[in-house]
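**Q** Going line by line, the protein sequences match chains A and B. Each position in the first sequence, counted from 1, maps to that position plus 153 in the working numbering. Each position in the second sequence, counted from 1, maps to that position plus 1106 in the working numbering.
What the hints contain is simulated information worked out from the structure, not anything from laboratory work. It cannot be assumed that every hint is accurate.
To be verified - Distance condition first, Cα-Cα at most 25 Å in a straight line; then the derived SDA-like pairs of lysine to any residue:
(1) A/Lys559 - B/Leu1335
(2) B/Lys1334 - A/Leu493
(3) B/Lys1334 - A/Asp524
(4) A/Lys510 - B/Val1123
(5) A/Lys559 - B/Ile1463
(6) B/Lys1358 - A/Pro487
(7) A/Lys182 - B/Ser1471
(8) B/Lys1334 - A/Glu512
(9) B/Lys1358 - A/Lys182
(10) A/Lys510 - B/Leu1335
Claimed, not checked - Over 10 Å on every C-beta distance to chain B, these chain A residues come out as not near it, computed from the model:
(11) Asp287
(12) Gly330
(13) Val343
(14) Ala366
(15) Ala443
(16) Pro554
Beta carbons are placed, not taken as given, at the ideal position from N, Cα and C, and that holds for glycine.
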Amino acid sequence: MSLDLPKEIEPAIELVGIDKKFGAVHANKNINLTVAKGSIHGVIGENGAGKSTLMSILYGFYHADQGEIRISGKPIAIRDSQAAIAAGIGMVHQHFMLVENFTVLENVMLGAEGGQLLRKGVASARKELKRLEDDYGLEVDPDAVVEELPVGSQQRVEILKALYRGAEILILDEPTGVLTPAEADHLFKVLRVLRDQGKTIILITHKLREIMAITDTVSVMRRGEMVATRKTSETTVEELAELMVGRRVLLHVEKGDANPGRVLLSVRNLTVRDARGVTMVDDVSFDVRAGEIVGIAGVAGNGQSELLEAIAGIRKPYSGEIFIDGKPVAGIGPAGLRDLGLAHIPEDRHHMGLVLKFEEYENSILGYHRDPRYGRGAMLDLDAMRKDAEEKIAKYDIRPPNPRLKTANFSGGNQQKIVVAREIERDPDVLIIGQPTRGVDIGAIEFIHKRIIDMRDAGKAVLLVSVELDEIRSLSDRILVMFAGKVVGEKTGDAGEQTLGLMMAGIAA
Amino acid sequence: MSTASVQLPAWINYIVVPILNLVLAFFFSGLVVWAIGESPLEALRLLLIGALGRGEGIGFTLFYATSFIFTGLSVAVAIHAGLFNIGSEGQAYLGGLGAALVALSLDRYVPWYVTMPFAVIGAALFGAACAAIPAWLQAKRGSHIVITTIMFNFITSSLMNYLLVRVLIVPGKMAPETRTFLEGGQLPKLDWLISMFGGKLGAAPLNFSFLIALVMCFLVWMLIWRTKLGYEMRTLGISPTAAGYAGIPYAKIVMIAMLISGGLAGMMALNPVMGASARLQIEFVGGAGFVGIAVSLMGRNHPVGIILAALLFGILYQGGAELSFDMPSITRDMIVVIQGLVILFAGALEYMLRPAIVRLYQQISGK
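Could you build all of it, start to finish, from the sequences and the hints given here?
**A** Take a look at the structure:
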């Protein structure tokens, strides 16, 4: 499936017949991939398609059962990440691997200090770092402490780290997940400069628009196989989506006009502080009516999480009031709020929405486990729980359809479906949702979005928080933008991306 | 890295892996024995015969195991709620006071089977009381339960010393212990259980509390896996944030779990105090609280595993005592070394062999 490269362009990296199994799971099936030197190559695929496994093999975390990796035409064995670095491969992880209370310079040097005493190494590292920053337009203050830098700059530090170690091939794993649109644009500029200077870049993402915007070539993975490689200029978003899922996909959510009724959820002058006393949500007020979806847009970390947790009763507000159907609910707590008809699909299914070590059926009652239908008195009725779980599995097409399977062994999309099924099947009046499709594959996204629209059309009040602007725009009837804990503006659902992007960056209201 | 996510069949996880760990532990213990110039096989033979060879040996083994089951359950219940209670030692010690007070007040008037339920409750209440303050400090003040329960071991130890030396001592006697309970305050020996298998209990102190321990195993299993409270405890133990999301009250569950844990530790006192010596003696717990930690770890915090691990430690205690009697060069301390090796391989290094076993399993099963 390799691309016919012009003869004069040498391949930076070639994967030949890479095969990897984890027990019964065939994660990579005979993968062939050639990436030309000095190009940006995108790898897309649904969750569980095998992208991460493939890149982990390339970076030495896993060993392929079969196959060969060639760098600049020479076959090499990548035993561990040290060997990968030595071969000129650098990786920028989705979650940064930085020591937060070190300076930029210290982070860049880490693992490459150059001797037992620091002094000499520091001086030469500073010089080298300066050169890299100048060459590639990656300006960061070397003496800034990493935790004080904005996320976009932290990511630049990760890239600098890789370059400092002599990376010629740079792998970026979902690099824009935590960035504002402006920061993402800046990143793309940097990547283009890197490419023009002869570096090779492999970009792993599930965002089709990014692939179209930045890559030269793109490969699509599906169920462990490399199903297609295309020149980006010769393909379309629709074609790529179809290749990823294996069938035609609706990229736009079909929904009719909203029909808002009375106010079901009302937030008044809500202020939330974190454990250190820092104000995370600052005097926020809004209403959500029956039959409408209100989206909260914003870059991650601007108070949306705290707002959701306060409404869900998990976090105590510092001041202000929350009303559900006119009743003040401050201090009631998550269990009481559920009884009042509030359901919550949390942002973080791994730590909050699910207990990953539990079997599936145990998670399908989390939060509702005191309900008499799951057992009388103090006892749990396991048969009733499993039957209930089986019904949800069938209705939400959760795969594999096995309520006794450990939750950690489901894919991200299916885990999210377990949460969505549990919360929606209670038929709540108010549904609050955080990042409904984070780490979820396209097929499941379509499904979850449909369910959310169904809830709206059934006259429920839906509050949606997402850092995916596309998701907010396609689902919401009204959009509130949060920046630094405040709601900085309200727009209708058809607001332009640029307008919202500026508001998210705190520039325009 | 890649083998950690592979699921093995239950029979490998719960039978093959522990047995292999145990074999390793005995192999290294054998090396130690060999190094001091004794025959490892002979030592193993003496140990097993001492523990399991005669009815009396079995009686002692089960007597020790009884104490370890109680303390193992105590540790396990707390662990399921995410709490590492290492104060079972002190909780058991104070539980002894509860049991002794009941026995001392009732033994003159009623037969043992009337005293027993009150003694069970008394021991559990006093054990729970000892756990209550650390539990409250954890639940409300965030003081780490490991630190506070350790400190309470010392506090109870001093308190009991004071009570036994100054208050409960029989006037005119030298030994810091209560008077001997009358029959109404003693738990009967289980001669019939051993003679069912054709042995003789002899002087072994195996008593009715063994059966109480087995009942507690069943109740703990019910609690953890079949009740809503157990579900809440497990949720909190695995994921406190998920528990918060689900509206499971942290402080309440921490208190309840620790009170149950302390209560189970307290019941351990029934075995030595009312079953064996028929009086409250100084330092009667003798480390059983700490062994409970190892037993719970080895038994994977499951009552069935705890019974098996408690039996293993019972065998080591009883067989070890016999061994050091028959082989004087193997001292008490050597036995402690061997127990340490068992804990090391079966507890701390539990997953050491796992990657190799996973690879072997994958090869054999052809996946």
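**Q** Hint by hint, note whether the structure agrees.
**A** Verification of the hints:
1. A/Lys559 - B/Leu1335: holds (21 Å)
2. B/Lys1334 - A/Leu493: holds (21 Å)
3. B/Lys1334 - A/Asp524: Holds, at about 10 Å.
4. A/Lys510 - B/Val1123: holds (20 Å)
5. A/Lys559 - B/Ile1463: This hinted pair holds, its Cα atoms lying about 21 Å apart.
6. B/Lys1358 - A/Pro487: Judged against 25 Å, a Cα distance of about 15 Å means the pair holds.
7. A/Lys182 - B/Ser1471: holds (20 Å)
8. B/Lys1334 - A/Glu512: Holds, because 15 Å separates the two Cα atoms, which is no more than 25 Å.
9. B/Lys1358 - A/Lys182: violated (51 Å)
10. A/Lys510 - B/Leu1335: Holds, at roughly 18 Å.
11. Asp287: The claim holds: A/Asp287 sits with its nearest Cβ about 38 Å from chain B, beyond 10 Å.
12. Gly330: holds (21 Å)
13. Val343: Given a closest Cβ separation of 31 Å, the condition holds.
14. Ala366: holds (34 Å)
15. Ala443: A/Ala443 clear of chain B: closest Cβ-Cβ about 24 Å, beyond 10 Å.
16. Pro554: The claim holds: A/Pro554 sits with its nearest Cβ about 17 Å from chain B, beyond 10 Å.
Hint 9 from the earlier list is the only one contradicted by this structure; the remaining hints agree with it.
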